[in-house]
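So the protein lines, in turn, are chains A and B.
Take the first sequence: its letters are residues 1 to 372, numbered as in the working numbering.
Take the second sequence: its letters are residues 1 to 372, numbered as in the working numbering.
These are computed hints drawn from the structure, not numbers from a lab.
As the structure is a prediction and not an experimental result, all values here were calculated from the model.
Where hints are given, some of them may not hold.
Because identical chains cannot be distinguished in the list, a pair is counted as satisfied if it fits within a single copy or across any two copies.
[Said to hold, decoys possible] Under the rule of at most 30 Å between Cα atoms (straight-line distance), these lysine-lysine pairs were calculated in the DSS-like manner: (1) K74 <-> K369; (2) K267 <-> K147; (3) K282 <-> K74; (4) K46 <-> K23; (5) K311 <-> K156; (6) K274 <-> K227; (7) K313 <-> K23.
Number of protein chains: 2
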Amino acid sequence: MRHILLTPGPTPLPPEILEILSKPIIHHRTSEFKKILNRVREKIKKVFFTDSEVLIFASSGTGAMEAAVANFFKEGDKVLVIEGGKFGQRWSEICKSFRLQVLKEEVEWGKSLSKERLSEILDSNPDIKGVFSTLCETSTGTVFDIKGYGELLKDKECLLIVDAISGLASEVFYQDEWGADVVVSASQKGLMLPPGLGFLSFSKKAEKFLESSDLPKYYFDVKKYYKSILSDDTPFTPAINLVIALDKALDILLEEGMENVFKKFEKMSQAVRKAISALGLKLFSESPSQSVTAVISPVDSVKLVNLLRTKYKVSIAGGQAHLKGKIFRVAHMGYISYQDLFLGFLYLEKALKELGFELKELSSLNKLKEYM
Amino acid sequence: MRHILLTPGPTPLPPEILEILSKPIIHHRTSEFKKILNRVREKIKKVFFTDSEVLIFASSGTGAMEAAVANFFKEGDKVLVIEGGKFGQRWSEICKSFRLQVLKEEVEWGKSLSKERLSEILDSNPDIKGVFSTLCETSTGTVFDIKGYGELLKDKECLLIVDAISGLASEVFYQDEWGADVVVSASQKGLMLPPGLGFLSFSKKAEKFLESSDLPKYYFDVKKYYKSILSDDTPFTPAINLVIALDKALDILLEEGMENVFKKFEKMSQAVRKAISALGLKLFSESPSQSVTAVISPVDSVKLVNLLRTKYKVSIAGGQAHLKGKIFRVAHMGYISYQDLFLGFLYLEKALKELGFELKELSSLNKLKEYM
């Protein structure tokens, strides 16, 4: 029985990627690997929609988040963190660890922050040096108004730092056009790879901040990566086989076309919402993302997730922190397909029923099939 | 034509590992993955020869080195770095980045530091809080006297921090018995995996240092990893497929037996040294490691390395920094076999000849075959 992975990272790996991962390893200080790095470098810009370099770390996404904090600020700098979930909180934790002065704007989980409210905060705090946001808050399935925030910050001496770990290559996002100054992401979501690569890209505006930053860093020192990228090299041993697989993953994405990818997930997320609604269930988020759908669970979602995984070999995600047991989350990003979702909902219906929730059977499947 | 990898990282991957890397990915917050983590945790201690936990980072070895600095010291702490090559220098760079006061003991590249000399330095600097060394300095093929250093530091309020990235599972090394307080390593050498995992283990003595450390850290925060390991979990998304492959790699090592592994590489390094000598060449190191052999090159080693790679599909390493062009390095660690070395030396002889070095053909092969 095939295991169906509908989690918001890791996401399923395409067979072409698995094939590459099973190839003998090559050395990284070779013209062969340099050529790959060079190709990757050019292609990945098109996924971020940026002309800037996209640096690649051997780390998970949190490592890239740390890089965004440690490289662009000075000790004691006042920054605003938009906290609407677990990953917003992570920004605050990292900023505090690196001794920034953190102004938290706590948003109820499942809600976004309006551009207007951000504008007010910025007006009363003209000394803010950076605004940290998530593109798609995975823990709540909520998309934030990065475009709007970018408009507010464009002419200010303040950076917009975006965690696009869950959102990249599934959520609509244009780094340069929207004025995102520092963008971080990771390999195990929209990019269809195993976890182990972190990414960071920064704007012209962020360069000044980079120059004056005085926080301790070494492994995530952006200047080291930037310098070595210019000679198609890496400062430290890269995650060689993941970089080679990334070359292929980028081909898959760019052949499909980023606008088509965005449209695909817009439609897929609509299908999932309709299917959820057909089950008589409600979305958790008021600003639902097109990468992952969070649903208010009619049964203990810890039990639901476990039952689905152990009995039916379907992985979905539960709720985190105070949402534990309360919500479940179904991803539609990366290599996740309608086929996966269709089978996933088949078993979701079965599992919900077994846990005592009454529903009209096949109702979600009837909705989903309209999109397939 | 098969490509033969005789580089000191990455090293060749066993077919069992490649097979695992080509399997569909699983989610990390599952009982399935927790079981694997739990197994890995117990087995890896036997490779480090420690009863302490071995923490696993999604990073390359340098990330684990940063963790060793950022977690056990306070700003301004005076530390000694034994610098006998590129990776000794890296310790200094990281320590300086994290604002430690670095006392450098520069050792001529290719030499080790005697226990006696370290004793003198410690006597005249009783305020040293940590001594940083490499087990096997890859850039020079030199092994350092970690056992001796440990004896000196055993009863002092000073930690012995060891970069065992190149040495682990090839160089003789017993973490607890030798009194190594903080040991770091990585996946792409003796552990026969692709790069992407960093490791750190620390002694009871190091715990006090951990408690009082005040340096900024988040992604490499040892306390976070230590806390989550107790619930068979990871604080951030782990490099899932590498951890699963590690489970297998540890089986391979432990089935062979660590003492047998040490003996194998002792013998293999002797064979390589004899082969080098049969070519009329000289070792670069005065304290040669049993993981990698550095050889004074009779021809421009940049040309030699390139010719071997492009024409004969054999990868060896050249020299770094001021040794560029001057030495070449042949590894014997991880999955590297006598067969690989035999073929490697066949082409090494050809390449040396083509670059104008006169040698008696097959002389190195005649030596090697005695060991096979």
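**OP:** Pop the pair K267 and K147 into one bin, within, between, both or neither, using alpha-carbon distances up to 30 Å.
**Re:** within (21 Å within a copy, 63 Å between copies)
**OP:** Check K282 against K74 for me: Cα-Cα at most 30 Å, and say if that holds within a copy, between copies, both or neither.
**Re:** Neither. Shortest intra-copy (44 Å) and inter-copy (51 Å) distances fail the 30 Å Cα cut-off.
Original post:
From the Cα coordinates, with 30 Å as the cut-off, is the pair K274 and K227 best called within, between, both, or neither?
Top reply: Neither: 48 Å inside a copy, 41 Å across copies.
Original post:
What label fits K46 with K23 when the C-alpha limit is 30 Å: within, between, both, or neither?
Top reply: both (27 Å within a copy, 29 Å between copies)
**OP:** Could you figure out if K74 and K369 sit no more than 30 Å apart (CA to CA) within one copy, between two copies, both or neither?
**Re:** neither (53 Å within a copy, 60 Å between copies)
**OP:** At 30 Å max between alpha carbons, let me know whether K311 reaches K156 within a copy, between copies, both or neither.
**Re:** neither (54 Å within a copy, 56 Å between copies)
Subject >> Copy assignment of K313 with K23, given that the CA separation must stay at most 30 Å >> reply: So K313 and K23 pass the 30 Å test inside a copy (28 Å) and across (16 Å) alike.
Taken one by one, the earlier hints fail for this structure at numbers 1, 3, 5, 6, listed in ascending order.
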